Amino acid sequence: MKRSIITKLVAAAATLTLTLSLAGCGSSSQASSQASSQASSSSVSADGNTVIKVGANITPHSEILEQAVPLLAEKGITLEIVKIEDSVTPNTGVIEGSLDANYFQHVPYLEQFNKENGSNLVSIGAIHYEPFGIYAGKTTDLAELPDGATVAVPNNVTNEARALLLLAQEGLLTLKEDAGITATIGDIVENPKNIVFKELAPEQLVAALPDVDVAVINGNYAIEGGLHVSQALAVEANDGLAAVTYGNIIATTPDKAQNEALLALVEVLQGEEISKFINDTYDGAVVPLN
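Residue 209 in my numbering sits at position 209 of the sequence shown; the count goes up by one each step and never skips.
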């Protein structure tokens with residue numbers, strides 16, 4: 001991502017169509033709408049409720065937000081969910097003002113986005129963690145991974161590092177000691193299997209499985225692709241560094257960091273009802289952090 005990406009996306013905003021839908025399961029009061037180019041601070045609806053507009057990836061973020069709609073309505077807050085497939089528009093929407101906040105990313109990704117785009121978005125609370133998994137393509141057992149195997153990994157900086165750390169965890173490669181959460185393929189010091197890495201956009205990893213030996217896939221994209229964490233050949237530990245580092249957050253601009261309606265959203269999402277929904281729904285592929 002370069003600084004110019006915001007300008008390009010703003011120019012394309014007039015033609016960008018976002019996928020919106022009303023969900024069942026008690027969320028019929030939700031008013032989903034397209035992101036617009038007009039500024040959107042917390043407004044007031046016809047019934048006197050405070051309105052907040054939050055951009056989110058479809059799975060699991062929008063699904064989780066839908067459960068929060070009736071809980072926030074009890075507090076006089078109308079939550080409008082804007083469903084977005086990519087991992088750039090949710091941030092540019094907040095920056096440009098068409099969204100009040102977003103829910104799709106972890107702090108390392110947010111920090112990288114801010115660095116590359118000169119923005120200053122902030123986290124106001126972590127909600128859940130999605131364990132990365134190694135999923136079978138042509139190879140169904142890591143012990144049988146062939147020499148010269150092709151391994152697909154996410155192509156953005158923070159998620160690629162996370163994929164490499166998981167591969168290192170499984171003894172498939174060794175990274176420089178100080179690589180940490182900024183690790184890249186250039187930080188590999190031992191590659192005994194002579195792995196060939198295929199760097200792909202995270203949303204393309206599931207579709208790539210038939211063409212690679214294994215793929216290291218983000219939790220949300222694994223879910224969207226019909227995969228289950230129980231099928232993974234290896235998974236990050238829920239109590240490890242990744243769980244702390246890569247918790248998915250509510251992000252907004254600094255001037256809205258103390259917005260009462262947004263803070264109420266975080267409180268609801270961190271509450272027992274949402275935690276129960278996450279545990280009951282995602283079979284370990286999504287883990288509540290509170």
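There could be a bad hint or two in this list.
[What the hints assert, rightly or not] Within a straight-line C-alpha distance of at most 30 Å, the following computed DSBU-like cross-link-like pairs (lysine-lysine) qualify:
id : residue 1 : residue 2
1  : Lys-198   : Lys-115
2  : Lys-176   : Lys-193
3  : Lys-138   : Lys-115
4  : Lys-176   : Lys-115
5  : Lys-276   : Lys-75
6  : Lys-138   : Lys-198
7  : Lys-75    : Lys-115
8  : Lys-138   : Lys-75
9  : Lys-276   : Lys-256
10 : Lys-276   : Lys-115
11 : Lys-75    : Lys-193
[Unchecked claim] Simulated restraints, written as ranges between beta carbons of each label pair:
id : residue 1 : residue 2 : range
12 : Lys-75    : Gly-148   : 16 to 26 Å
13 : Asp-147   : Gly-186   : 20 to 30 Å
14 : Gly-97    : Asp-141   : 14 to 24 Å
15 : Asp-280   : Ser-43    : 29 to 39 Å
16 : Gly-171   : His-228   : 20 to 30 Å
17 : Glu-190   : Lys-276   : 41 to 51 Å
18 : Gly-284   : Asp-178   : 49 to 59 Å
19 : Ala-201   : Thr-140   : 32 to 42 Å
20 : Thr-174   : Asp-280   : 17 to 27 Å
These aren't lab readings, by the way, just hints derived from the structure by calculation.
It should be emphasised that the depicted structure is a prediction, and the values quoted were computed from it without experimental measurement.
The beta carbon of each residue, even a glycine, is placed where N, CA and C say it ideally should be.
Against the structure, the hints:
{"no.": "1", "hint": "Lys-198 to Lys-115", "verdict": "25 Å, holds"}
{"no.": "2", "hint": "Lys-176 to Lys-193", "verdict": "17 Å, holds"}
{"no.": "3", "hint": "Lys-138 to Lys-115", "verdict": "37 Å, violated"}
{"no.": "4", "hint": "Lys-176 to Lys-115", "verdict": "24 Å, holds"}
{"no.": "5", "hint": "Lys-276 to Lys-75", "verdict": "20 Å, holds"}
{"no.": "6", "hint": "Lys-138 to Lys-198", "verdict": "14 Å, holds"}
{"no.": "7", "hint": "Lys-75 to Lys-115", "verdict": "36 Å, violated"}
{"no.": "8", "hint": "Lys-138 to Lys-75", "verdict": "51 Å, violated"}
{"no.": "9", "hint": "Lys-276 to Lys-256", "verdict": "28 Å, holds"}
{"no.": "10", "hint": "Lys-276 to Lys-115", "verdict": "35 Å, violated"}
{"no.": "11", "hint": "Lys-75 to Lys-193", "verdict": "56 Å, violated"}
{"no.": "12", "hint": "Lys-75 to Gly-148: 16 to 26 Å", "verdict": "57 Å, violated"}
{"no.": "13", "hint": "Asp-147 to Gly-186: 20 to 30 Å", "verdict": "21 Å, holds"}
{"no.": "14", "hint": "Gly-97 to Asp-141: 14 to 24 Å", "verdict": "50 Å, violated"}
{"no.": "15", "hint": "Asp-280 to Ser-43: 29 to 39 Å", "verdict": "33 Å, holds"}
{"no.": "16", "hint": "Gly-171 to His-228: 20 to 30 Å", "verdict": "24 Å, holds"}
{"no.": "17", "hint": "Glu-190 to Lys-276: 41 to 51 Å", "verdict": "43 Å, holds"}
{"no.": "18", "hint": "Gly-284 to Asp-178: 49 to 59 Å", "verdict": "31 Å, violated"}
{"no.": "19", "hint": "Ala-201 to Thr-140: 32 to 42 Å", "verdict": "25 Å, violated"}
{"no.": "20", "hint": "Thr-174 to Asp-280: 17 to 27 Å", "verdict": "39 Å, violated"}
Hints 3, 7, 8, 10, 11, 12, 14, 18, 19, 20 from the list above are not met by this structure, while the remaining hints are.
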